[in-house]
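K.L.:
These are the residues of each chain, in order.
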Amino acid sequence: MSLSLSRDMEETHRDILTMCALTEELVGAAVDGLGGAAHDLASELKAADKRVDWYDVQVEERCLRVLALHAPVAEDLRRVVSVLRIAKELERVADLGVHIAERADHAAAAVRAAREAGESNPVGLGDLPALKRVRQAARVALDMLRRSIDAYVDLDPAKARKVCVDDDIVDGLNRETLNEVTDLMRENPAAVEAAVGLFSVSRHIERIADHATNIAKDAIYLVEGQIVRHSKRFPDRRAGETAEERFGPVDVDVPHPKPDLVGVS
Amino acid sequence: MSDSTPPRPLAAEWPALLPWLAPVAVGIAGLTSSSAGLRLTAGAALLIGAAIAAWMQIAGRARRDRELADLANDLRRGTAPPLPLLDPSEPEPDLRAAVRAVFERKNQLDAALFELTEDRDRLFAALEGMSEGVLAVDRDERLLLVNRAAAALLRLPRGDLKGRPVWEVVRRSAVTDACETVLSGEGRYDAEFEVEHATLALRADPLPGVAALKGAAGVVLQIRDVTELRRLESVRRDFVSNVSHELKTPIAAISALAETLLDGPLEGPPIARRFLADIEGHADRLHDLVVDVIRLARVESGRDVFDVRRLPVGPVVEDVLRGLRAAATKAEVRLSAVPPPQPAYVRADADALATVLDNLLTNALRHTPPGGRVTVDWNSDAGSEVGEDGPTVKLRVIDTGEGIPAEHLGRVFQRFHRVDPARSREKGGTGLGLAIVKQMLAVFDGSVAVESVVGEGATFTVTLPSA
Chain A
1 MSLSLSRDME ETHRDILTMC ALTEELVGAA VDGLGGAAHD LASELKAADK RVDWYDVQVE
61 ERCLRVLALH APVAEDLRRV VSVLRIAKEL ERVADLGVHI AERADHAAAA VRAAREAGES
121 NPVGLGDLPA LKRVRQAARV ALDMLRRSID AYVDLDPAKA RKVCVDDDIV DGLNRETLNE
181 VTDLMRENPA AVEAAVGLFS VSRHIERIAD HATNIAKDAI YLVEGQIVRH SKRFPDRRAG
241 ETAEERFGPV DVDVPHPKPD LVGVS
Chain B
1 MSDSTPPRPL AAEWPALLPW LAPVAVGIAG LTSSSAGLRL TAGAALLIGA AIAAWMQIAG
61 RARRDRELAD LANDLRRGTA PPLPLLDPSE PEPDLRAAVR AVFERKNQLD AALFELTEDR
121 DRLFAALEGM SEGVLAVDRD ERLLLVNRAA AALLRLPRGD LKGRPVWEVV RRSAVTDACE
181 TVLSGEGRYD AEFEVEHATL ALRADPLPGV AALKGAAGVV LQIRDVTELR RLESVRRDFV
241 SNVSHELKTP IAAISALAET LLDGPLEGPP IARRFLADIE GHADRLHDLV VDVIRLARVE
301 SGRDVFDVRR LPVGPVVEDV LRGLRAAATK AEVRLSAVPP PQPAYVRADA DALATVLDNL
361 LTNALRHTPP GGRVTVDWNS DAGSEVGEDG PTVKLRVIDT GEGIPAEHLG RVFQRFHRVD
421 PARSREKGGT GLGLAIVKQM LAVFDGSVAV ESVVGEGATF TVTLPSA
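Protein chains in written order, with UniProt numbering: chain A, 1 to 265; chain B, 1 to 467.
Hints in this document: simulated from the structure, not taken from any laboratory. In this text, all values refer to a predicted model and were calculated from it rather than measured experimentally. Careful: at least some of the hints might be erroneous.
To be verified - Lysine-lysine pairs mimicking BS3-like chemistry, simulated, CA-CA at most 30 angstroms apart: (1) B/Lys330 / A/Lys162; (2) A/Lys162 / A/Lys88; (3) A/Lys159 / B/Lys162; (4) A/Lys50 / A/Lys88; (5) A/Lys159 / A/Lys88; (6) B/Lys162 / B/Lys248.
Construct all of the structure, not just a fragment, from the sequences and the given hints.
P.N.:
Written out as C-alpha cells, the structure reads:
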C-alpha cells in the first residue's frame with residue numbers, strides 16, 4: 001500500500017468512526033427526548049445531522065479519489081467499497097434520528113395545543129405504556145449499531161453475525177408495539193394521534209436496526225469477501241430468542257401515572 | 001615495543017621496558033666486540049630474541065582482541081563479567097581503569113533505571129487507583145495511557161489500547177472534538193456528555209512538551225462522573241423551591257389578613273377575633289414547617305448528633321400517645337397501643353424515636369375520618385427466626401383511614417410529596433413528616449415501609465435493630 005493510499009484510508013476510517021459516534025449520540029438524544037417536555041429537540045439535532053452529512057460527503061470524495069488514483073485491489077478495494085456503504089447507512093440512521101426527534105416535538109406540541117384548547121387531559125407520547133417497549137427497542141438498536149461498527153473496527157465477522165441475529169429482536173418488539181398501539185387506538189380514540197406518532201417512532205427504530213445489520217454485513221464482506229446480504233443463513237442464529245431472554249425484563253415495577261391506559265394491551 | 005601501540009604515558013612505559021633493556025645492552029656489547037665468533041653469536045641471539053619478541057607480541061594482540069571482543073559483547077548484552085575483567089598482570093592499567101569505569105557507570109545506570117521503573121510503577125498504580133478517568137493521547141491522536149476508571153466510564157473494550165487511535169477506541173464525539181481542539185493549540189477544553197445515562201464531565205489539557213510551540217505535544221483528558229452531582233443539584237433546587245413555596249403561602253395569608261385588619265373599620269370584635277385566629281393558625285404552620293426543616297437538617301448531619309442507646313419501646317410509645325390524646329379526641333379517632341407480652345428494646349435515640357412515632361401517628365390521625373381507629377403495636381423477632389441483619393423490632397402504626405393510592409405508595413416518603421396537596425395543607429401537614437421518619441430511621445440502621453388499601457387504611461411498618 002502506498003503511503004498516500006494508506007493515509008487516505010486512515011482518514012476515511014477516522015471519518016467513519018466520528019460519523020458513527022455522532023450518529024449514535026444523535027439517535028440516543030432523540031430517543032431520550034420521547035415523551036419529555038417539549039423543547040426544540042429536532043432543530044438541535046439537525047445541527048448534528050449536518051455534521052454527519054458533511055462527513056458522508058467527505059468520505060465519498062476520499063473514496064472516489066482512492067479509486068481514481070490508486071485503483072486498489074483485493075482487501076483495499078473491499079475496504080473502499082464497504083466504507084462507502086457504511087457511510088451511506090450511517091447517514092440514513094442520522095436522518096432517522098432527526099425524524100424521531102421531530103415526532104417527539106410534534107407530539108409534545110400537540111399536547112400543548114390541546115391543553116391550551118381547554119382539553120383537561122390530552123394524551124402525549126409519555127402517557128403511552130408502549131413507550132417503554134419502544135425505548136427498549138431503541139436501546140437494542142443502538143447497541144446493535146455500536147457492535148456493528150465494533151465488528152468493522154476489529155474486523156470480526158463473528159461479532160457482525162451476532163448483530164445480524166439481534167435484528168429479529170427489534171423486529172419482534174416493533175410487532176408487539178404495533179399490536180399494543182392498535183388495541184389502544186381501538187379502546188381510546190383520544191390517544192390515536194399519540195399512538196400513531198409512537199408507532200412511527202417504533203418503525204424508525206426498526207429501520208435503524210436494519211441499517212445496523214447492513215453495516216454488520218458490510219463488515220463481514222470486508223473480512224471474508226463474500227456478500228451475505230439477502231442470504232438467510234446464519235449458523236449461530238438462535239431461533240425464537242426474545243428481547244427479555246437476552247436483555248432482561250422490561251422494567252415493569254414503575255407505577256404508571258395513568259392506570260386506565262395500562263390495562264389495555 | 002613496536003610502533004603500532006598507541007602512545008601512552010611514560011610512567012606506565014618504564015616498568016614494561018625494563019626486562020628488555022638487559023638483553024639489548026648485552027647484544028649491543030657483543031656486536032661491538034672484536035671477536036668474530038662472539039659477534040656472530042650475539043647477532044644470532046639477537047635475531048632469535050627479536051623473533052620470540054615478535055611472536056609474543058602477536059599472540060598477546062590476538063588474546064587482547066579476543067578479550068576486547070568478549071568485553072564488547074558483555075557490554076552489548078548488559079551482562080557484567082566479574083571484575084577485574086582483565087588479567088591482573090595486564091600490562092595496560094589504563095585499559096583496566098577504563099573497563100572498570102564503564103562497569104561502574106553501568107551499575108549506576110542500572111540503579112537509576114530500577115528507581116525509575118519503581119517510580120513509574122507507583123505512578124501507574126496511583127493513576128489506576130484514581131476514581132477519575134485519565135486518558136493521554138499523543139500528537140497523532142494515539143492513546144498513550146488509559147486508566148481503569150476511564151475504561152469503565154467510557155465503556156471501553158478490554159485489552160491493550162495503547163497505540164490505537166483515540167477516535168477508533170473511544171468513539172464519543174465529545175472526546176474526539178476535545179482532542180482535535182486541544183491539538184490544534186486552542187488550550188483547555190471542557191465538555192459534558194452522556195454515556196448510557198451517566199453524565200460525564202470532561203476536561204482536556206495540552207500535554208506540556210517540547211512541541212508546545214506549534215500545537216500541543218498531546219492531550220491529557222480527565223473524565224469525571226457527575227451524574228450524582230447533577231442529580232443532587234436538581235434535588236437541592238427542588239427542595240429550595242418547595243420550601244420557599246411552602247413558606248410563602250402562610251406568609252401571604254398572614255399579610256393579607258393583617259392588612260384587612262389594619263384597613264378596618266372592623267365589623268366588630270367577633271370578626272377580628274376570627275382573623276386573628278387565622279393569623280395564629282398560619283403562624284403555627286410556619287412554625288411547624290421551620291421546625292421540620294431544622295429537624296431534617298439535623299438528621300442529615302448524621303449519627304453524631306444522636307444519643308444512640310438501648311431503649312425500651314413501651315415507655316416511648318406511651319409518652320407519644322399521651323401527647324396526642326387531645327388531638328385524637330378532637331378528631332374523634334380511637335388511639336390505642338398493643339404492647340407485646342415481652343418488653344422490646346431497640347438501639348436508637350429516645351427523642352428521635354419519639355419524633356418518628358409522633359410523625360407517623362400525626363399523619364395517621366390526619367388521614368383517618370371521625371370514628372376511625374389508630375393502633376400502634378410492636379414486637380421483637382429476637383428468639384424466633386432472625387433476618388440477615390440480626391434481630392429486629394417491628395413497630396406498626398395501623399389506621400383505618402382513607403388509604404394511599406398505589407401509584408403514590410413509592411413516593412410518600414419523598415419531601416413535599418402529598419397525595420392530596422390541598423387537603424393535607426388544610427390539615428396542617430408540612431409535607432416533610434414522613435421524609436423525616438425515613439431519614440431518621442436510616443441513621444439508626446432501621447427502615448420504614450408502607451402498605452395500604454384505598455378506603456380501608458394504611459399500615460406503616462418501622463423496623464429497628466433490636467437491643
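K.L.:
A separate judgement is required for each hint: does it hold in the structure or not?
P.N.:
Outcome of the hint check:
1. B/Lys330 / A/Lys162: violated (70 angstroms)
2. A/Lys162 / A/Lys88: This hinted pair holds, its Cα atoms lying about 22 angstroms apart.
3. A/Lys159 / B/Lys162: Distance ~22 angstroms between lysine 159 of chain A and lysine 162 of chain B Cα, so the pair holds.
4. A/Lys50 / A/Lys88: holds (14 angstroms)
5. A/Lys159 / A/Lys88: holds (21 angstroms)
6. B/Lys162 / B/Lys248: violated (59 angstroms)
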